[in-house]
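Enquirer: Here is how the chains run, residue by residue.
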Amino acid sequence: MSPNIKVFKSILVLVLFLTFQYTMAQSDPSGEKRVTGTIAIKNATITTAPGKTIQNGTILIKNGLIEAVGTNVIIPKEAQVILGDSLFIYPGFIDGASTAGVSKPAEPEKPSDFNPANPPDDIAGITPWRNVIDNYDNKNNQIYDWRKSGFTIAQLIPEGGMIPGKTAIVVFGNPSSANILAQNSALVVKFQGARGGGRVYPGTPLGIMAKFRDVYKNAELASRHSKLFASNAGLNRPEINKTYEAMYPVVDKNIPVIFEANDDIEIRRALSLQKENGFRLILSGVSNVEKVTSEIKAANAQVLLSLKLPDDKVTKAKMEELSEEMKARTKRIQDAYASILKQASILEAAGIPFGFTSMGAKSGDTFKNLRLMVENGLTENTALAALTINNANILGIQKFAGTLEKGKSANMVILTGPLLDGETQVKHVVADGFMFDYEIKTKKNGTDEKNGNNGSVPLDGFWDYTSDTPAGSSSGTMEIKKEGDSYKGTITYDNPGGGGKASSEMKNISLSGSALSFSFDVDAGGMSLVVNVSGEVSGDQISGNLSLSEYGSFPMNATKKPKLF
Amino acid sequence: MKKIIYIIAAVMVMGWNPANSQTQKGSVLIKNATVLTVTKGILEDTDVLVENGIIKKIGKGLTASNVTTIDAKGKYLMPGIIDAHSHVALDAVNEGTAPITSEVRMADVIDPYDIGLYRALAGGVTVSHAMHGSANAIGGQNITLKHRYGSGIPDDLIMKDAARTIKFALGENPTRVHGRGNGIQPKSRMGVEAVIRNGFNEAIQYKKSWETYDNSLKVKGATPVPPKYSERLQTLAEILDGKIIIHCHSYRADEIYMLIIVCREFGITKIVFSHVNEGFKVAPELAAYTMGASVFADWWAYKFEVYYSTAYNAAILTQNGVITSINSDSGELIRHLYHEAGKAQRYGELTDEQTLALITINPAKQLGIADKVGSIEEGKQADLVIFDEHPLSVYAIPQMTFVDGVKYFDINEDPNDMRLRVAATEAIEPIFLKEHNHKCMHGVDFLFSNFGRSLFDHEH
Amino acid sequence: MEDQNILKMKKINQIIFTVALLVLPLLAKAQFDGEFIKPRNGRFLLQNATIVTVTKGKIENGSVLISNGKIEAVGKNIPAGDAEVIDCTGNYIYPGMFDSGSRLGLVEVNSVQETQDYVEIGLVTPNMQAIVAVNPNSIAIPVTRVSGVTTTLATPSGGLFPGTAALINLNGYTADQMYAGFKGVVLNFPSSARRSTWDRRSDEDIKKEAEKAEKALNEIWDRAVTFHQLKQADAILDYYPEMEQLAKVVAGELPLLVEVNAASDILLALEWIQAKKVKAILTGVAEGWRVADKIAASKIPVITGPILSIPTRNSDRFDASYTNPGKMAKAGVKVVIRSNDAENTRNLPFNAGFAAAYGMGKEEALKAVTINAAEVFGVADRMGSIEQGKDATLFVSTGDPFETKTQIRHVFIDGYRVPMSNRHIKLYQEFLERSPGLKEN
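So the protein lines, in turn, are chains A, B and C.
Numbering of the first sequence is given in this note's numbering, commencing with residue 37 and proceeding in unit increments.
Numbering of the second sequence is given in this note's numbering, commencing with residue 16 and proceeding in unit increments.
Numbering of the third sequence is given in this note's numbering, commencing with residue 23 and proceeding in unit increments.
A portion of the hints provided could be inaccurate.
Lysine to any residue pairs mimicking SDA-like chemistry, simulated, CA-CA at most 20 Å apart [to be verified]:
(1) Lys543/A - Asp227/C
(2) Lys363/A - Ser337/C
(3) Lys229/C - Glu357/A
Residues from chain A that face chain B, not an exhaustive set, calculated with beta carbons under 7 Å [stated by the list, open to error]:
(4) Pro152
(5) Tyr237
(6) His261
(7) Asn268
(8) Arg368
(9) Ile369
By construction, these hints were calculated from the structure, which means they are not laboratory data.
In this text, a Cβ means the ideal position worked out from N, Cα and C, and glycines have one as well.
Chain A on its own, in the form it takes in the complex (with noise of 0.2 Å):
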């Protein structure tokens, strides 16, 4: 089935389910309900594709779907009319990766025989066959943070290992409705190696890329295999193996495959797979994509180019104060930085369709990259593109999304000034036909609260967390509690002695306004290492470095777990 008939389906669904709601509800107890589905927005400037913008437009909305847009529109009776002189309409944005609401699926045990050499699939972290639904919780924050933002429609990345498992897409309506618009849309892969601090089986980009072609080719033989079986007698059975069966698709060239490739060497890495396997391939989270435009060209990938853009720590740097040797080298580090603004326009000159993702960015700076992409060369109607039609054909999703068209679903941004404005707030967001309203500041105070929690962070509870170090990634447990004004704590990591992991009493537990350090002791043969730890605690993450003294120091992610009722 391809991916646009299964969408389809789901929204056939969707639109059933939605009616029989409509029908059954007779009343709503908690006068949440509301009281019309039709919605009319009126006078606004409304810009339907990048490059087409209706002045004193109307947009009507009728049951989720966008029923008319134009300037002669006529309202029904039962439309909720909304205003919208001074605002201006955008097609609701589409978010190309996102893990807003998923959540990380339980660690698999390792089984008593464990081979480190060749571990069970799921500890390599091979989980083709988990669907990012199951680790989808539809209600979380994350998502009001990023419709709050103006995204509307988003495909879910599965967290886990290399091949942590299948996407889905959904839209961020109302949280009483599932919001599923389609299930294993596209298989993700990550450079990432197996858990164990790199000493599990794939540990580094050499196992990575070996264990890929492996799974890859072996899936194609399997797929032979049962072929083979349902049409002829006297063959063997085949040996069901759940890795190869979730990969058919893929094999089968029906779904394409997601690689998280960070910049051109993994964009390479990613590309000569695609060369050897020839599946179709969506790269995401790229940068120093000028050195690969036309290989990204010749093989036909699509682009995920990330919202996020790291801090300037040098433009502002004092030149006149530093040696004609640190100019020079200050100027190539701005240079750098001047290079990841660029990524935008660079692909956009490549003529590569390139649409945006959330991973890795706040939802707070979405405006503010924005503008700063397209002050460093992004067109606007690239920029609008970017978040909308392209990320739709991406998603293979443009029949119903990307654009305010007659037929097309409602999902829409209302803001109350240009997309590229600096004063422009989002005032109201419609996704699935669903209405969002947002308080408008007037001016100034514009540090908005990134996370409910300001003033003193609550530190104590269970967290996992995971550093990687040159040797791969490393991950643990760490036990806060809270006595008096002071904390205590346990930490776990993997035993340096081997088999397991150990555990150290946390030391010097310090925690000023969100900034957290402490440290703890490492036994490692006989030699007691100390590990110092700090870091910004931020709700329930917590990210810093672990330092080894003069081994190095690393970085490290610790998320809170839920507690347990």
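Add chains B and C to chain A, keeping to what the hints say.
Expert: Positioned in the frame of chain A, the structure of chains B and C alone reads:
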């Protein structure tokens, strides 16, 4: 240098066009040099004409139009230095998670941005053998690189006409990583032998199962079921077929002899021993049955299996007729391999010609590229270095380095900052006091001893 | 008569028999082949060499007379007398070379923890004495000294104050026989640098941690000053060996060997040294060239190396580490070169050779491994050059000892002629032509 800047500029401005990304070939006329051909003696006051990347003519009074001419009077011209054991320009070195990983390819993890490439060029090294590490009894498929630094394209660095090679490793490293680290074989030198034998025997069965399948496909109406695919076993089968040269990390005489015997049993003749600190103890056997030994000039005692070794290793091996090369296995040593080779004159008094062969024609033989590089002969690829003094003098400084006739290093046009890219987010640049990215146990050591005690000096 | 003779013969036989019995154990011993050559003391005349005195120029066709461990005479036409004459025609005589930072003898096989004696547990351990842990019988010592490196600074490493380094000669069977008259306390100056690409700390964290480390250093130092002051005031103090040792540095009895490498750290270290008024020697100083003028102005000497090492920054020129000693010397810094190695301390002369080639010049590089070291360690009255009355620690070579082609013929340490043999050479002798050779099969 101008070429490199041009390339960088081209990449930055227009993006790289793969249609143009065929490897650069240059033409140059080097005049009046003392030419150390390595294979055909020393030619005083001689000219070397390079056309389109190939040494066209060697002689006196050569002329050419439209070609850059370099006067090398009083200077020494030698073949580009070849490092038969390196980990420069690699993103990952060890897939140290399984005792046999013949399916992994170093070609997949080339890092064309590694500044180590430029530093190697500044030391006259034009070709390096980018190897898998030594964590596994049978490691990955290596890749031979030509140091065409500048384009940032991994493919441009690959020496496409080089022979295929693979890494093996014996002794302490594989037994430490797998036996003591992960509790699986091999934990001893007995286990290393057994793991290698198991691998070869499984490969024989694997090859047979595919041959059976392929043959039955030819039978009309047959519907054979395909066997499982394994690049791991496929690669081992190709070693048995003589298509791949083994480069084996080894130290002790007994383990070297062990692998010689195993290879002879399986009919494998293409094997080079690397490091091979105790090679001198089995020099007659190495001479008779192998493609030789690639050694360190003087490293010893950093681990137990190299405690009973000698800096006279290269000399003893050479005098016993073993094809011998001196390698770096280090991003530091690769910068002065000419000096490392020179130590074979301190320890064993080799002649200049014998000594220069250690870093030119001999490693070329071991990499299966001796018909293309490794000496200055007409028809060979123009990988060349100009030194101000005799390259075996401690005072010698490389002046210019050419790969395929293209100048990639010129000490007189050597800008300060030769990095091809910089990070946008770190204003504080890292400081390196030790070399620790480019070596055999890279990656593994750290993970091994984990929060480990690894970084005091060499681990190989 | 005949009987007499027979009797005589019998007697003789008996004597022979008896003697033979007595000698039997000796004969049994004679199953050992070869002869062990021991270091020999005595009077030696090294004749007809080019003498590179380092401090007093070159003497062609000169001789050096060694007696009782000292250089009794240097010059032309020195009569041999009862001295053993060693013909050095065509050869050169140099003073023994100093490696002013080495772990030689403090470690045998680095990967075998049991043989690592250069590092202790703890941050502040200045009382750890390297000299007591040097193994006089380390296999690496004879391997080193046949290169002409006769003297090393045995240096501990590890925490903030890892211990006390000691100058040793590479001959002798006890610590006292080897000790060459200098000790210094090592300080690893806190670094504000990013340590290799593995160091993923944010710029801000790096700064914070460096400030914290310097604060910790100052607190420890204040304690040492207090300890010293109270001691001066004859206070009775609790046993505190760490402060006892640091107090000697405060008092100026022992110099501080300040290990520091990044340019910004060097500047901080210079400030710190001046503020604390410590007698100090900078060691490492890999980025010294960036701040050479400032080091020169401080008049603090520098021990740098290894020279054969990668540039500290990826953005540096490929030869930054080679040119560093030359640039510092040109700026007026007193530069000494070290290998910072252990088993390959024998590579010290090649480190000096590279420094010479890349701007330092041969003469200055030679000083950096001889007289400059002796001066920095305060032993120049006895060592570091070939002068009458100095210790007979020198070597004879076929040429420039920095050149790999050069062979070292003889080495004298404190007047002892040391055997030109070691395990490396013995293995060469055994295996150059192995017997049995190849067994064809």
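Enquirer: A separate judgement is required for each hint: does it hold in the structure or not?
Expert: The hints, checked one at a time:
1. Between the alpha carbons of Lys543/A and Asp227/C the distance comes to roughly 18 Å, so the proposed pair stays at or under 20 Å and holds.
2. Between Lys363/A and Ser337/C the CA atoms are separated by roughly 12 Å; this keeps the pair inside 20 Å, and the hint holds.
3. A hinted pair counts as satisfied when its Cα atoms are at most 20 Å apart, and Lys229/C with Glu357/A qualifies at roughly 19 Å.
4. Hint status for Pro152/A relative to chain B: holds, with the closest Cβ pair at about 5 Å, below 7 Å.
5. A hinted interface residue such as Tyr237/A counts as satisfied when its beta carbon comes closer than 7 Å to some beta carbon of chain B; here the least separation is about 4 Å, so the hint holds.
6. Taken as an interface hint, His261/A checks out: its beta carbon lies about 5 Å from the nearest beta carbon of chain B, inside 7 Å.
7. The criterion of a C-beta within 7 Å of any C-beta in chain B is met by Asn268/A, whose closest approach is roughly 5 Å, and the hint holds.
8. Interface restraint check for Arg368/A: the shortest CB-CB distance to chain B comes to about 5 Å, inside 7 Å, so the restraint holds.
9. For Ile369/A, the suggested interface contact is upheld, since its CB lies about 6 Å from the closest CB of chain B, less than 7 Å.
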